[in-house]
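J.: Those protein sequence lines, which keep their order, are chains V and X.
The opening residue of the first sequence carries number 80 in my numbering; numbering runs sequentially from there.
The opening residue of the second sequence carries number 27 in my numbering; numbering runs sequentially from there.
Hints may contain errors.
[What the hints assert, rightly or not] Restricting the straight-line Cα-Cα distance to at most 16 Å, the calculated cross-link-like pairs of lysine to aspartate or glutamate (EDC-like) are:
no.	chain 1	residue 1	chain 2	residue 2
1	X	30	V	355
2	X	184	V	355
3	V	359	X	183
Quick caveat, the hints were computed from the structure, so don't treat them as lab data.
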Amino acid sequence: MGAEVIHIEMPGSGDLLIRAVSPGGIFPRNLGLGAVAPNVNKYHVAIDIRHPKGKRIIQELVSISDVLVENFKPGTFDSWGIGYRDLSKINKKLVYISLSGFGNWGELSDRPSYDAYAQGITGLAEITGFKEAMPLKAQAWIGDFLSGTVGAFLVAVALHYRNKAGEGQFIDLSQSEVLIRVMDWTWLYIHLTGKERERTGNRDYATVPSLITKAKDGFIAIGAFEKREFIGLCKATGIEELSKYEDYTERLKNADRIYELIEEWAREKKIEEIEELAVKYGFMVGRVMNSRDIYHDPHYLSRKSVFFYNDPIYGNLVQPNPLSSLEKTPAIVRWTVRPVGIDNEHVLSRILGYTQSEIEELYKEGVIGK
Amino acid sequence: MDWKTLARELTDPSKSKEKPEALDDLVVIDISYGNFAGLFASSLLSELGAKVIRVEPPEGDIARKMTPYGLEIDGTGLPYIVEGRNKYHITLNIEKEEGKEIFIRLIRKADILIETFPTGKMEKLGLGWDTLKRENGRLIMCSIKTFGERGYYAENEKVPDAIGTDVVDQARSGFAWTVGIPEEYDEFPEHTRVPTRMGNWMAHYAGGAIAAFAIMCSVLYRNITGEGQKIDISPAEALMAMNNYALQCYHLTGRVINRVANFEPAAYAYNYFRTKDGLVFIAGYADPNWKALCTIINRPDLIEKYPTIKDRTNPDNFIPMTREIESVIINYTRKEVVKMWLEYDGPGVTVAGEILKPKETLQFNHWFERGALIRVKDKELGDLILQGVAAKMSKTPPRIKWICRKPGEDNEFFYLTLLNIDKEELKKLEEENII
Numbered sequence: 080m081g082a083e084v085i086h087i088e089m090p091g092s093g094d095l096l097i098r099a100v101s102p103g104g105i106f107p108r109n110l111g112l113g114a115v116a117p118n119v120n121k122y123h124v125a126i127d128i129r130h131p132k133g134k135r136i137i138q139e140l141v142s143i144s145d146v147l148v149e150n151f152k153p154g155t156f157d158s159w160g161i162g163y164r165d166l167s168k169i170n171k172k173l174v175y176i177s178l179s180g181f182g183n184w185g186e187l188s189d190r191p192s193y194d195a196y197a198q199g200i201t202g203l204a205e206i207t208g209f210k211e212a213m214p215l216k217a218q219a220w221i222g223d224f225l226s227g228t229v230g231a232f233l234v235a236v237a238l239h240y241r242n243k244a245g246e247g248q249f250i251d252l253s254q255s256e257v258l259i260r261v262m263d264w265t266w267l268y269i270h271l272t273g274k275e276r277e278r279t280g281n282r283d284y285a286t287v288p289s290l291i292t293k294a295k296d297g298f299i300a301i302g303a304f305e306k307r308e309f310i311g312l313c314k315a316t317g318i319e320e321l322s323k324y325e326d327y328t329e330r331l332k333n334a335d336r337i338y339e340l341i342e343e344w345a346r347e348k349k350i351e352e353i354e355e356l357a358v359k360y361g362f363m364v365g366r367v368m369n370s371r372d373i374y375h376d377p378h379y380l381s382r383k384s385v386f387f388y389n390d391p392i393y394g395n396l397v398q399p400n401p402l403s404s405l406e407k408t409p410a411i412v413r414w415t416v417r418p419v420g421i422d423n424e425h426v427l428s429r430i431l432g433y434t435q436s437e438i439e440e441l442y443k444e445g446v447i448g449k
Numbered sequence: 027m028d029w030k031t032l033a034r035e036l037t038d039p040s041k042s043k044e045k046p047e048a049l050d051d052l053v054v055i056d057i058s059y060g061n062f063a064g065l066f067a068s069s070l071l072s073e074l075g076a077k078v079i080r081v082e083p084p085e086g087d088i089a090r091k092m093t094p095y096g097l098e099i100d101g102t103g104l105p106y107i108v109e110g111r112n113k114y115h116i117t118l119n120i121e122k123e124e125g126k127e128i129f130i131r132l133i134r135k136a137d138i139l140i141e142t143f144p145t146g147k148m149e150k151l152g153l154g155w156d157t158l159k160r161e162n163g164r165l166i167m168c169s170i171k172t173f174g175e176r177g178y179y180a181e182n183e184k185v186p187d188a189i190g191t192d193v194v195d196q197a198r199s200g201f202a203w204t205v206g207i208p209e210e211y212d213e214f215p216e217h218t219r220v221p222t223r224m225g226n227w228m229a230h231y232a233g234g235a236i237a238a239f240a241i242m243c244s245v246l247y248r249n250i251t252g253e254g255q256k257i258d259i260s261p262a263e264a265l266m267a268m269n270n271y272a273l274q275c276y277h278l279t280g281r282v283i284n285r286v287a288n289f290e291p292a293a294y295a296y297n298y299f300r301t302k303d304g305l306v307f308i309a310g311y312a313d314p315n316w317k318a319l320c321t322i323i324n325r326p327d328l329i330e331k332y333p334t335i336k337d338r339t340n341p342d343n344f345i346p347m348t349r350e351i352e353s354v355i356i357n358y359t360r361k362e363v364v365k366m367w368l369e370y371d372g373p374g375v376t377v378a379g380e381i382l383k384p385k386e387t388l389q390f391n392h393w394f395e396r397g398a399l400i401r402v403k404d405k406e407l408g409d410l411i412l413q414g415v416a417a418k419m420s421k422t423p424p425r426i427k428w429i430c431r432k433p434g435e436d437n438e439f440f441y442l443t444l445l446n447i448d449k450e451e452l453k454k455l456e457e458e459n460i461i
């Protein structure tokens with residue numbers, strides 16, 4: 080969205096936890112795939128922030144910045160003298176966001192933060208998958224990506240407030256609490272019924288019908304909740320028994336039968352046939368797409384939500400871009416993760432005004448590095 | 027003062043009510059229909075003080091009908107009760123001419139509009155962006171739909187005339203492809219070894235979060251330029267952007283990331299294991315940490331057998347390695363396994379944590395203390411436990427002012443005070459089923 084983002088890492092290794100993560104241990108074009116996805120358009124600076132001179136550079140940067148994002152164990156920045164209480168004195172307009180596994184205070188706040196652990200401890204995994212198999216986590220680090228998104232939203236909110244009130248603030252966002260927040264009816268249901276929320280595989284029991292099912296040549300998702308859509312589905316399938324369940328509540332109560340009927344019907348149909356029927360009769364469908372399907376999908380390509388760009392270092396690359404369709408300020412990808420410390424000179428000299436000899440000194444002392 | 031005490035003092039949810047609200051200068055019209063992405067976006071804004079006016083058709087939004095096994099309180103389903111927070115609820119039939127006129131009067135007073143109708147429906151009603159921006163140049167209009175508002179499908183009449191559905195968004199995002207048990211993991215029944223949706227409405231929540239972010243970016247832009255804009259969000263694309271590196275991996279290597287049960291394609295061990303009474307999460311993926319893990323379960327042979335990260339991230343090894351580890355820990359409960367890990371004090375770092383059922387998660391007072399979960403006694407809805415707010419903020423904390431209201435509960439207040447419609451006219455509009 081255009082913010083000038085300076086990503087600070089340790090000299091030498093860089094952010095090893097992200098840079099060294101790649102499926103199969105393969106690094107195409109020397110890129111760690113784990114580091115490609117969440118790094119866009121950033122300047123990469125390597126500073127040892129535990130060194131007194133490194134700390135001073137952080138303070139200088141903060142004094143002219145709008146936002147600080149950190150995800151260290153709660154209290155780490157504070158113990159280094161660059162926590163919210165210190166930095167807010169240097170810049171009272173600073174928006175400081177701490178992203179952690181369990182928050183900055185409370186009985187669980189010392190627990191380690193891993194996305195897979197957050198998916199597990201919140202019960203999200205327990206409600207995903209089939210009852211007859213086992214709980215499943217999202218393969219993707221949804222706790223990280225989703226709380227990062229909510230965090231970005233909160234930062235924008237805090238900036239809006241800062242523009243009015245002239246003061247920044249401290250934001251404490253925990254990924255497990257974000258996952259708890261998005262678990263729709265789980266908590267209310269357990270409280271009201273005393274029952275556990277069961278795993279129901281690919282059938283949704285709150286929006287019937289809404290399912291992923293096997294077609295002749297792949298998997299497809301079908302949704303037809305609104306009465307008009309459900310009637311459309313009845314016509315498209317030609318299943319007479321289905322039309323007994325036009326009423327919403329009847330459908331929710333007879334979900335199993337409805338799902339059996341639709342699943343049986345879909346098995347004999349090709350995906351394309353079902354898609355055409357959906358357009359003709361007015362219900363929602365979408366094939367279960369893999370990364371190859373998405374990569375070649377004319378719709379995503381036309382919307383630039385599959386966004387190709389020419390990275391100045393790594394050449395032709397691609398990035399999902401869910402913010403490609405803002406009328407006046409669409410998101411644009413210019414580059415992905417860059418080598419450790421590549422932007423040291425740009426940030427220190429052009430932004431902070433360090434001289435060449437000062438920068439050389441910092442290299443010698445190991446305060447900054449590549 | 028130590029950091030935790032200070033952090034708690036800064037963000038204590040019990041003090042939220044005394045503090046200002048960040049978005050109290052924004053008016054949001056949420057006319058979303060049967061769509062929790064729209065509802066979540068407006069919830070996020072309303073938690074931070076935006077005045078959110080939920081516009082439903084006179085019979086109520088069908089999102090109120092979406093509820094597990096038909097369970098309702100006072101005619102409203104559970105998921106809607108969760109997202110009804112802090113919103114004013116009015117009704118309006120925008121299919122009728124008079125309803126459209128009233129809608130435009132509302133738009134003139136609004137900063138933000140959220141809508142989730144089938145692609146092209148707003149234009150058909152004569153309420154498309156071209157019309158609305160003429161009425162209010164500062165308006166930010168956010169459309170949230172599976173296929174979006176523009177692009178190849180819309181231009182080629184390939185978009186079904188239907189509302190967005192979370193499961194379809196999950197399917198089109200690529201997410202469902204990567205979640206689930208692979209074919210070769212044959213200790214699980216065949217019908218469970220398929221692409222699998224997330225149990226919650228993950229695509230709609232992801233779409234709502236991205237939409238709220240896009241809206242706030244547009245507000246910041248409008249603060250500078252004075253201009254509103256049109257935002258076109260697809261929850262499928264939102265979740266696609268959260269599916270790690272699947273797309274980049276295909277581009278760079280030609281390899282499609284497939285489902286791998288509870289494994290992590292880029293690290294092992296970083297996954298779930300079966301115990302006597304459920305699953306545990308165990309991490310120990312760098313070499314010294316893998317050694318620590320094998321030492322704890324007394325299987326030094328596994329260090330030799332899978333010595334490097336490359337051996338351990340070879341997908342062919344995921345199931346065999348897991349069977350080896352599970353053959354030991356399946357004899358212990360989750361608690362006992364975690365205890366084994368906590369007692370280890372040798373070299374390397376490895377952690378173990380229990381995978382909980384939601385009922386077990388509710389046992390932690392942590393979430394209640396921090397306001398992530400709340401207990402409320404609502405006059406109308408009774409005694410409830412539901413999500414509070416995820417974020418803590420020191421100056422303008424998000425908060426819950428009320429839980430949920432009925433369709434049209436705020437009609438009188440709104441139409442009388444905001445649009446100066448008098449009581450008699452309101453009655454007439456009610457009789458004509460416009461309100």
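J.: Does each hint hold? Answer for all of them.
T.: Hints, one by one, checked against the model:
Among the hinted pairs, residue 30 of chain X with residue 355 of chain V is inconsistent with the structure: their alpha-carbon atoms are about 58 Å apart, more than 16 Å. Distance check on the hinted pair: residue 184 of chain X and residue 355 of chain V sit about 8 Å apart at the alpha-carbon level, within 16 Å; holds. The straight-line distance between the Cα atoms of residue 359 of chain V and residue 183 of chain X is roughly 10 Å, inside the 16 Å bound, and the hint therefore holds.
Checked against the numbered hints given earlier, the structure breaks only hint 1 and satisfies all the rest.
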